[in-house]
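From first to last, the protein sequence lines are chains A and B. Under our numbering, the final residue of the first sequence carries the number 226; numbering is consecutive throughout. Under our numbering, the final residue of the second sequence carries the number 381; numbering is consecutive throughout.
If you are wondering where the hints come from, they were derived from the structure by calculation, not from laboratory data. Quick reminder that beta carbons are idealized off the backbone N, C-alpha and C, glycines included. Hints should not be assumed to be uniformly reliable.
DEER-style ranges, computed between Cβ atoms [as the list claims (entries may be wrong)]: (1) LEU323(B) to LYS159(A): 44 to 52 Å; (2) THR252(B) to ALA46(A): 24 to 32 Å; (3) THR276(B) to MET207(A): 38 to 46 Å; (4) ARG40(A) to GLY362(B): 19 to 27 Å; (5) LEU34(A) to GLY362(B): 18 to 26 Å; (6) SER2(A) to GLN231(B): 43 to 51 Å; (7) GLU39(A) to GLU335(B): 23 to 31 Å; (8) ARG21(A) to THR252(B): 38 to 46 Å; (9) GLU58(A) to ASP321(B): 13 to 21 Å; (10) SER2(A) to ASP270(B): 48 to 56 Å; (11) THR294(B) to ALA138(A): 40 to 48 Å; (12) PRO333(B) to ARG42(A): 20 to 28 Å; (13) GLU335(B) to ARG42(A): 22 to 30 Å; (14) THR363(B) to ALA133(A): 55 to 63 Å.
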Amino acid sequence: MSITDEMLMAYVDGELPEAQRMAVDSAVAADPALFEKLERHRRLRARMGGVFAGVLHEPVPERLIAAARPSNVVPFPSRHRAVPAWAAMAACVAIGLVAGLSVPRFGPAPTIGSDLRAHGQLATALDKQLASAPAHGAAVRVGLTFRSADGYCRTFTEKTVAGLACRDGGGWKVRMAVAQAAGPASDYRTAASETPPQVLEAAQNLMVGEPLDAKAEADARARGWR
Amino acid sequence: MAFEQEIVALLPRLRRLARVLTRDATSADDLVQIAVERALTRRDQWRDGTRLDSWVMRIMKNAWIDETRSRARWGKVIEGEDAGLNVGASSDPADSLAIAQAMAKLPDEQRIAVALVLVDGLSYADAADVLEIPPGTLNSRLVRGRMALMEMLDQ
Numbered sequence: 001m002s003i004t005d006e007m008l009m010a011y012v013d014g015e016l017p018e019a020q021r022m023a024v025d026s027a028v029a030a031d032p033a034l035f036e037k038l039e040r041h042r043r044l045r046a047r048m049g050g051v052f053a054g055v056l057h058e059p060v061p062e063r064l065i066a067a068a069r070p071s072n073v074v075p076f077p078s079r080h081r082a083v084p085a086w087a088a089m090a091a092c093v094a095i096g097l098v099a100g101l102s103v104p105r106f107g108p109a110p111t112i113g114s115d116l117r118a119h120g121q122l123a124t125a126l127d128k129q130l131a132s133a134p135a136h137g138a139a140v141r142v143g144l145t146f147r148s149a150d151g152y153c154r155t156f157t158e159k160t161v162a163g164l165a166c167r168d169g170g171g172w173k174v175r176m177a178v179a180q181a182a183g184p185a186s187d188y189r190t191a192a193s194e195t196p197p198q199v200l201e202a203a204q205n206l207m208v209g210e211p212l213d214a215k216a217e218a219d220a221r222a223r224g225w226r
Numbered sequence: 227m228a229f230e231q232e233i234v235a236l237l238p239r240l241r242r243l244a245r246v247l248t249r250d251a252t253s254a255d256d257l258v259q260i261a262v263e264r265a266l267t268r269r270d271q272w273r274d275g276t277r278l279d280s281w282v283m284r285i286m287k288n289a290w291i292d293e294t295r296s297r298a299r300w301g302k303v304i305e306g307e308d309a310g311l312n313v314g315a316s317s318d319p320a321d322s323l324a325i326a327q328a329m330a331k332l333p334d335e336q337r338i339a340v341a342l343v344l345v346d347g348l349s350y351a352d353a354a355d356v357l358e359i360p361p362g363t364l365n366s367r368l369v370r371g372r373m374a375l376m377e378m379l380d381q
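Here chain B stands alone, though its shape is the one from the complex:
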């Protein structure tokens, strides 16, 4: 499959991951668009034989961090109450809202670790690769993030 077609095939997963990270569906798609555009202009940096999904997700992660930093600089903060508009159609809207709001309250580095492993279903090794952190660091972020979520979701 051509490089561009593989990226098109990844779009649903990228959109889902972006929804977990951002406040609303439009910001999520903006993030995906930036990631895709960067991936295309940097395609010579992608090594054949390595995983394209991890590589594009890493690009998206970096774009998200850039965006988050600039948002922090301007003093805008995502409120948990704003979250919930970003989840797709679900059989249980109340549950979706509760989870989205709980996720929005997690520190960024825990949120993205949880998103990669629990929402996208990546292995620990692949998630650590996307985040460019050692496996032990991923593990501790996952543990803290999940304990906090269980606390908030009272389950």
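Bound-form chain A, shown alone:
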């Protein structure tokens, strides 16, 4: 059997099947030049592993540990702020959870002026639930109802996502979504129904006047949020 460089590399990587490994062993034993070749491959592997090993012992920057924490805020593209395509796509996935996966997960990322609409349980909750009379046990809960310059908006929370949706052409357009920690421990939330501060802040920025009280909310629902 002729011994190729590819075989020698697989040998030093521990990837060569038993039969070929034995062939390499006996060929190397009989051929000093081949033995030297094997040693070169072994040295390269050792050098490569050694040079970058120091990185493993460096302290990990705080920003990376922070990035691995839950409750990543995923702002939606606005007219004023460019959001990287991956962030928009990530948000797209997050909305998919609530919207019954009606948003394509691997489709093109929504761009500025994108049109992420509420579907399924989220749409039903936004249409029917009253924030003033929370539905216990519902998957989606509406937190706050208010008027923006363009119409009614409502905040919502779900086990994994919270956000803000506004009335738009007979449906609800999701203006913002925040991925939520699924576990009990979170810096932001202690109860499943609590609206994250980022969402409240966004609501405040859009709000005209005060949040709707129970009567105004019921009236708005009765008029189909028009």
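Chain A is already provided as a structure; the job is to place chain B on it using the hints.
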């Protein structure tokens, strides 16, 4: 271990891999950060029982490819001479520099194959899985990359 904690535990390895791929330590950590953020927002796509390290590395690989493409579009190219700032503390700084510069000269697809197997120590099967390529393709990239490295490093 919780998903997030497992990702934190992977950070040193991710940083090391990123150092091999990028020009300097800051770009490397930027790449790790993008990968971690994507992994968290896509955690529902991770299948329980599969390897989290391979999955996050695949995300990082894709982020790196995106980044490399946009860099190419803007006409910026990594020069071998720029490399070497990215290696950590080493007992032999001259050797570190030589290796980093040689790695920087490899084509991207060979560099990442070499990084996964020789630096991170993944098996061929796991490396092919991370790169989403057939085992034979991984093998030929590894062979070409290593032959070129040995040539450049004169060993």
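Hint check results:
1. LEU323(B) to LYS159(A): 44 to 52 Å: holds (51 Å)
2. THR252(B) to ALA46(A): 24 to 32 Å: For THR252(B) and ALA46(A) the Cβ distance comes to about 28 Å; the hint holds.
3. THR276(B) to MET207(A): 38 to 46 Å: Hint holds: Cβ distance 44 Å, inside 38 to 46 Å.
4. ARG40(A) to GLY362(B): 19 to 27 Å: holds (24 Å)
5. LEU34(A) to GLY362(B): 18 to 26 Å: With Cβ atoms ~24 Å apart, the hint holds.
6. SER2(A) to GLN231(B): 43 to 51 Å: Once the Cβ atoms are compared, 49 Å apart, the range 43 to 51 Å for GLN231(B) and SER2(A) holds.
7. GLU39(A) to GLU335(B): 23 to 31 Å: This hint holds: roughly 27 Å between Cβ atoms.
8. ARG21(A) to THR252(B): 38 to 46 Å: holds (43 Å)
9. GLU58(A) to ASP321(B): 13 to 21 Å: holds (18 Å)
10. SER2(A) to ASP270(B): 48 to 56 Å: holds (50 Å)
11. THR294(B) to ALA138(A): 40 to 48 Å: holds (46 Å)
12. PRO333(B) to ARG42(A): 20 to 28 Å: With Cβ atoms ~24 Å apart, the hint holds.
13. GLU335(B) to ARG42(A): 22 to 30 Å: holds (24 Å)
14. THR363(B) to ALA133(A): 55 to 63 Å: holds (60 Å)
The structure fails none of the hints (numbered hints given earlier).
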